[in-house]
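Colleague: Next come the chains, spelled out residue by residue.
There are 2 protein chains.
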Amino acid sequence: MKTEIITIGDELLIGQTIDTNSAWIGSELSMAGFDVMKKTSIHDIRTDILNALSEAEGRSNVVIITGGLGPTSDDITKPALCDFFGTRLVINPEVLAMITEMMKRRNFPMNLNNRRQAEVPESCRVLTNAAGTAPGMWFERNGTIFISLPGVPSEMKYLMITHVLPELKQRFRSQAIIHRNIMTYGVPEALLAEKLEGFEAELPVGIKLAYLPSSGVIKLRLTGTGRDAVSVAKLVETRVRLLYSTIPDLIYGEEGETLEMAVGRLLREKGKTLGTAESCTGGNLARLITGIPGSSDYFVGSVVSYANHIKSKLLGVDDKLIENFGAVSEPVVIAMAEGARTVLSADYTIATSGIAGPDGGTEHKPVGTLWTAVSSASGTKAEMHTFGSDRLTNINRFSNVALNILRKQIIKD
Amino acid sequence: MKTEIITIGDELLIGQTIDTNSAWIGSELSMAGFDVMKKTSIHDIRTDILNALSEAEGRSNVVIITGGLGPTSDDITKPALCDFFGTRLVINPEVLAMITEMMKRRNFPMNLNNRRQAEVPESCRVLTNAAGTAPGMWFERNGTIFISLPGVPSEMKYLMITHVLPELKQRFRSQAIIHRNIMTYGVPEALLAEKLEGFEAELPVGIKLAYLPSSGVIKLRLTGTGRDAVSVAKLVETRVRLLYSTIPDLIYGEEGETLEMAVGRLLREKGKTLGTAESCTGGNLARLITGIPGSSDYFVGSVVSYANHIKSKLLGVDDKLIENFGAVSEPVVIAMAEGARTVLSADYTIATSGIAGPDGGTEHKPVGTLWTAVSSASGTKAEMHTFGSDRLTNINRFSNVALNILRKQIIKD
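Residue numbers (the working numbering), protein chains in the order written: chain A, -18 to 394; chain B, -18 to 394.
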């Protein structure tokens, strides 16, 4: 069953509003097993609306339209729908009664704009909206269902959940669609794809694999489609297990878990605490870790030692190490991690020292160089990595490298 | 000049990724004076891509396409473009050299997938991408320009800023559009709008005012449109000056300057240094400050004292203060700021202690409570603020409150 989404409003085109409505609708439709084949955003302009509706008619079974149903003069979806379906606006008595009641409850007088909200195209079926003043509208022509919903997210969601989704699920015996997300870290997309060449080649019909990369983390999404939800789920599950046995070292979690969440989960399981000593990540590690509710159970704190005098004064790094090897070096990052473990009284510490850029690189230590170390009761070890030249990208990548080294160490211990 | 945006990727249709790319592109095109008439999201499916390209050809002057340029088998934009333009993929030696160099720098071996990223349709003009491995591609046919960009936001933005926008601006002589952004902080949007009622009412034809709020910062964008760039710029400039005299205390900068940038600018001007002592902001202040290139000139570091034993051990906060008043209190936040000034040897320090949520609130100190203090040679002062219940929103709001108090203190000193 093919669906598409049309969102109406200038604010969406000029980027003043990010279109979260269509993302939510797409997610709901797709989880219900319907194919979302297209999303379109257009101006509040009559001909643009008519063109979009014409293009969709016949192409899709269901077209969900949001926006342009408000009471002001730039809201022209209702007249455009009348043009398209060759009908006219009439007052719907039920809707009028609801709006009158609502205004009375809020102590506002009824005015012309409120009355206009009770007008609907004569040929539509009205979907009553208990979450606001603009009703939903249901049309059918030439095998296509058109559903017009308000753009206010809470009202749109109310109508989708109470009217649209249940009715569509009943009408269209849909295919079952199962998504599973497996989180990986450690190799770039191209190399991961190489490792999964055989896995991909042997995927059965009805199962697809997608790569979704972000700051070094690659989310692998397996999507299974078929008649029967239980057998699709089973089929996907066997492939998830195969994925685990194909790249065991690269998988750290599932369903959108971040590296800092995975680290937090492991620390909580083992009852251990964590601290960080950050130079080049400048507090980003601490902020990622503390962004998680309840992180105070395992995170004690951080020393952001941006200036060298803080590395020596607060973390006890020997000035001579910095003098001889430079702040971005293996001996210094090891001393930072070990110093932090003492001073913060934490079971685990991670330290970072690097050159985030855009300036500050040298021939031997170019911009993008990272030294990171993890320290625990079982010892301290350091690694060097090299990335690109964009400062914020580097800070994110540096942080993920450090979190992953820590994660592996906690598992090993 | 008509433009449209096509974003390619299943993840956009099923709502797994919110399409922020098209919002950003729409905003940039519209600020450049171009009409963004349509945005479309489609599957990674050959026929869907071909249909979308066909529909756009002739209808728009410029079509910007993002996504599907990665090295894996679900990335099919390049072969689809070849079909559409009747051309074939060829290795581009320059792109190949760039990718080889990049992989070498990161110590990864080149494989077939990396080589595939250097393949481009023979008939396109290549836009070199210094921010990643997938180049941009520029096609022209029947009066329509098609520009294909990678879906990774940082790479897409790099190519838009360095190649696409400058060239489009040169090619299409549009109306003069002048934007000026005035950054404000301190009152919510509704109150700011009230203060600017008279200012707005007296705006001349051709000048518009928009409110763009984010984490308490409200960007006021004045947009002037007209035939002649010089006279439009003059007209906008007089309104900017009027804005400064209308709300002098609320304006802290211009053109997208953040509060941490404003603080950095002031510290640099006065030759002073800064450190932070963070509890509830968990390193977010340090990471905002160090996100700015060159911040090591004035930022010395931070003590993220998440656990109370770090507040006392590293910042010298008297245990009895914590015992008697609680960690989230005026005496403790003052002791943190003052302790940090000693231990970090900084001219200015800011401290935060609060309850970010979602749990941990009490009747007298509900979730969203923030105590923040600024300390300098002229003394220490603290303020309390209260926000809502969402953790990440609170951390951002807390950080901006603290940065603004610091900013005002530096100006005062």
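Don't take each hint at face value.
A pair holds if it fits inside one copy or across any two, identical chains being indistinguishable in the list.
What the hints assert, rightly or not - Distance condition first, Cα-Cα at most 25 Å in a straight line; then the derived SDA-like pairs of lysine to any residue:
1. K200 with I(-1)
2. K251 with L70
3. K138 with Y192
4. K138 with I228
5. K301 with R87
6. K215 with G51
7. K346 with I273
8. K251 with I57
9. K59 with N377
10. K253 with R69
11. K294 with S326
Hints in this document: simulated from the structure, not taken from any laboratory.
Colleague: Hints first: check each against the structure and report whether it holds.
Modeller: Each hint tested on the structure:
no. : hint            : in the structure
1   : K200 with I(-1) : both (23 Å within a copy, 15 Å between copies)
2   : K251 with L70   : neither (57 Å within a copy, 52 Å between copies)
3   : K138 with Y192  : both (24 Å within a copy, 21 Å between copies)
4   : K138 with I228  : neither (33 Å within a copy, 33 Å between copies)
5   : K301 with R87   : neither (51 Å within a copy, 30 Å between copies)
6   : K215 with G51   : neither (46 Å within a copy, 30 Å between copies)
7   : K346 with I273  : between (34 Å within a copy, 20 Å between copies)
8   : K251 with I57   : neither (54 Å within a copy, 44 Å between copies)
9   : K59 with N377   : neither (40 Å within a copy, 29 Å between copies)
10  : K253 with R69   : neither (59 Å within a copy, 57 Å between copies)
11  : K294 with S326  : both (16 Å within a copy, 10 Å between copies)
The earlier numbered hints that this structure contradicts are 2, 4, 5, 6, 8, 9, 10.
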